[in-house]
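Chain order of the listed sequences is W and X. Note that the first sequence covers residues 126 to 718 in our numbering. Note that the second sequence covers residues 50 to 350 in our numbering.
Keep in mind the hints are simulated off the structure, nothing from the lab. This one's a predicted model, so the numbers in the text were calculated from it and none came from an experiment. Treat each hint with caution, since some may be false.
Chain W is nowhere near these chain X residues, computed Cβ spacing over 12 Å in every case [claimed, not checked]: (1) I209; (2) N214; (3) M221; (4) I261; (5) A270; (6) K273; (7) K278; (8) D288; (9) L297; (10) E298; (11) W299; (12) G300; (13) D301; (14) A314; (15) E316.
Just so you have them, the derived chain X footprint on chain W, three or more residues with Cβ under 8 Å [as the list claims (entries may be wrong)]: (16) 383 to 393; (17) 535 to 549.
Quick reminder that beta carbons are idealized off the backbone N, C-alpha and C, glycines included.
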Amino acid sequence: MGLGNFDFTMSIGGAAGQGIATPGNILARILTRRGLNLYAYNAYQSIVRGGHIFLTIRINDTEIGCHGDNLDLLVCLNQDTMDRHLGLMGAGGAVIFNSDTITPGAAADGVQLCPMPVGELSGGSRNKVIQNTIALGVTVYLMGLEFALLEAALTEQLGRKGDDVVAENVGAAKAGFDHAQANFKAFGAPVPNGGKPLALWSGNEALAMGGAAAGVKFYCAYPMSPSTGVLHWMAKNARDLDIMVRQAEDEIAVANMVIGAAHTGARAMCATSGGGFALMTEAIGAASMMEIPCVFINVQRAGPSTGVPTKTEQGDLWQALGASQGDFERIIAAPTSALDAYNTIPEVFNLCDKYQCPAIVITDLLISEGTFSVPPDALNMTPDIQRGEMLTEPADSDDYLRYEITDTGVSPRAVPGLKGHAHVVATDEHDQDGVLISDEYTNPLKRRAMVEKRARKFQDLRAQVPAPQLQGDAEAAVTLIGWGSTEGVIAEAIQQLAADGIVANQLSIKWMVPFHGDVIAAIVGDAKKTIIVENNYSGQFYRYMRSETGLSVDGHIRKYDGEPFMPHHIADGVKEQMSGATDLTVPTQEIMV
Amino acid sequence: MDGIATQDLVIEPQTVSDFKGRVDPDWCPGCGDFGVLNSLRRACLDLQLQPHEILTVSGIGCSSNFPGYFNSYGMHTLHGRSLAVATGAKMANHELTVLVTGGDGDGFGIGGNHFTHTARRNIDLTYIVMDNQIYGLTTGQISPTSSKDMKTKSTPFGSIEAPYNPITAAIMNGASFVARGFAGDVKHLTMLMSQAIQHKGFALVSVYSPCITFNLDNDFAFFKPRVKKLEDESHDTGDWKAACERALEWGDTIYTGLFYRNDEAQELGEQEPILDEGGPLSSRSLGLSPEQSEAIIARMM
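Start from the sequences, fold in the hints, and give me the full structure.
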């Protein structure tokens, strides 16, 4: 199957330390420069050496939002990969492996086995990753690409390591290419030329770039998978972009440093995963109480607790909704793709500056660590920047009221350094002038007035973000509802269902707070049948939607094994539920990674 | 502002009262923290600092109410987090004079991890700890600096834990200015604070500031005959071993004064090239230039 005319998926499997990333990157560059769309998902474990890594790269001549269902090519760097995944390969597929070290099992009819005598092809090289380069040569031949493309890519990728390294690798790749030409049959459909060259990024890079474009001047983090890519991008670019990047002692420090930086007027941001986010939560309430705008990103991984650090899940929605003690509003967005993540960061900064409050952005391992193509023209590098009500004129008297009670609830903000506006912001409840009312002079009327002032800020929040819209045929037999990262895979499942004569549409929801409950209720109310798709056990979004709309749905498709949905998981679930067999489908993960 | 003492504030500091905050302290009469507050006001006046160029950051506890009583920009943050907040603020606006105030529980207990790492970073902050060796706001439990055998509500049979020594900890962790004061000697304390604020790097002034309500073991009468100024001894402030030895003395003699300073150690901000020019990050223009954007996209192709 495929969305466009050309759809091709390959996986490279091996152990951590076998150098899977490099051939993956080289192929990705070759293909996206050719203008092909790419979606890559890397299944891995929390181990530096060993374990099983399985990198899946899918390319297509139209936009794709998931890694698909089928494998055309399997590259085995070790016996384990062969043993685990040969069974996935069907007629027309090919399997590349080092025949010196790997014994193929019984392949299905029509699967082309492509043994590489690595010792012979490499002239007895002792270089342990030379098999990867030879496999690249074989792959490029099978895909119908010219060898010159690979030679150029290897030269670029390895140039820093010197001419000898380049020569060795180009030679090995050519040996692989020639061996394949002499012994194997290339795929029937060679890789076409797409349109303009596409750029490559991960979701974490998109989040970091979104911060840079939004004017972030302070970024802080404690390393935590799968969020660390944001830190890496920020650290690498810090000096070119005038961004202060700090690695702190823990996530508590991270969140509080962000608040300190934000209080001076700098845009400040941090990213972590659920465990680190748990440590940050007290500070999120502090940002709300002190009315300091800042952005906290939670890249979800499978929990609870340390959980499965390298696996994906949508299990932290309620953690975000309930982050920190007390009764207060926070903005929460769940971007639906890497590009959406990029665009979301400037949007939430504008909102939290306007409302002087914290914002939470929830992504997950799938979006954040996946690698995707993006058309460079689609990147708005100069998004709108709105700082909200800021005072900049010095004054002669110090009667400034930081928390002045206003009709909108928003109090014009002065930052340290501005003459005549010295004041204290406090995590204790305080009066308009910042003076505490929590200790000596607790006053119920003032307390009520301040609670209402802060709450009043958000009266018009919902109008600031677009309501979700149905994607697809309004008269569909079934409406699939998802949030965050499932948008792409649901879209493809809908195409599969259409091929089977089932008309489905999608309601994809990004904004958790503000939540367009009325619009969603109307759509759900009009739908013929509704199924919620989410990457968790308990139906976190379902329960949230129900609490906000009072409406239930007809069925659920849930996955909580650590691996993301593949489109057929959803399509099969919908078919099962359309037949009335069940109202809860939990797809079984076929690829054991 | 019913019932709350307020006063008109002027901008140019001419007297100590120009550094008075919007309210008067709600500390118990006779609390050591009054001496610390007076000392800091005097030090800031002596240094002719402008209130709007100072940011005073605290955590939670009796002494963490400090920013409310001091005329400057202030942040009364979460329990234990003052150093982290102050670090973020100083990095984002390195032109501010950032003072951090708090107690022993806030700084060495719940905030101990930040104390360690803030000292290690040698960031240009002045950290004034009012050490009363007790949790006062929660009505009397042991703190990290409480003496062994001390009886409190949480240790009715006497504490069996050894106390934490902030001076040796700060020196070992990399602080470049480490001093101890006594709230009963405002003149000496003012001098230490003044030096600490002028020092480029992380400066600790740990002050014995007696709690006259919940720690009757270590009150003014306990300290007065014991405190001896290092300035009156032949103490080499460049000798960290001698500094630690003197800091550990706890008996008939308890030293105050400057234990250790290292003017060679580079403070954090001056090692960050992005702070070399362009002013505070907090007031620089936002967003990416066309050149920056092009470079980013080029690397993605």
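Hints versus structure:
1. I209: holds, 28 Å
2. N214: About 20 Å separates N214(X) from the closest Cβ of chain W, which puts it past 12 Å; holds.
3. M221: Check passes; 16 Å lies beyond 12 Å.
4. I261: holds, 18 Å
5. A270: For A270(X), whose nearest Cβ neighbour in chain W is about 28 Å away, the distance exceeds 12 Å, so it holds.
6. K273: holds, 30 Å
7. K278: K278(X) is indeed farther than 12 Å from all Cβ atoms of chain W, at 33 Å.
8. D288: holds, 29 Å
9. L297: At roughly 26 Å from the nearest Cβ of chain W, L297(X) sits farther out than 12 Å, so the non-interface label holds.
10. E298: Label holds. Min Cβ-Cβ 30 Å, cutoff 12 Å.
11. W299: holds, 29 Å
12. G300: G300(X) is indeed farther than 12 Å from all Cβ atoms of chain W, at 34 Å.
13. D301: holds, 38 Å
14. A314: At about 18 Å from chain W, A314(X) clears the 12 Å cut-off, so the statement holds.
15. E316: holds, 14 Å
16. 383 to 393: holds (count 11)
17. 535 to 549: holds (count 10)
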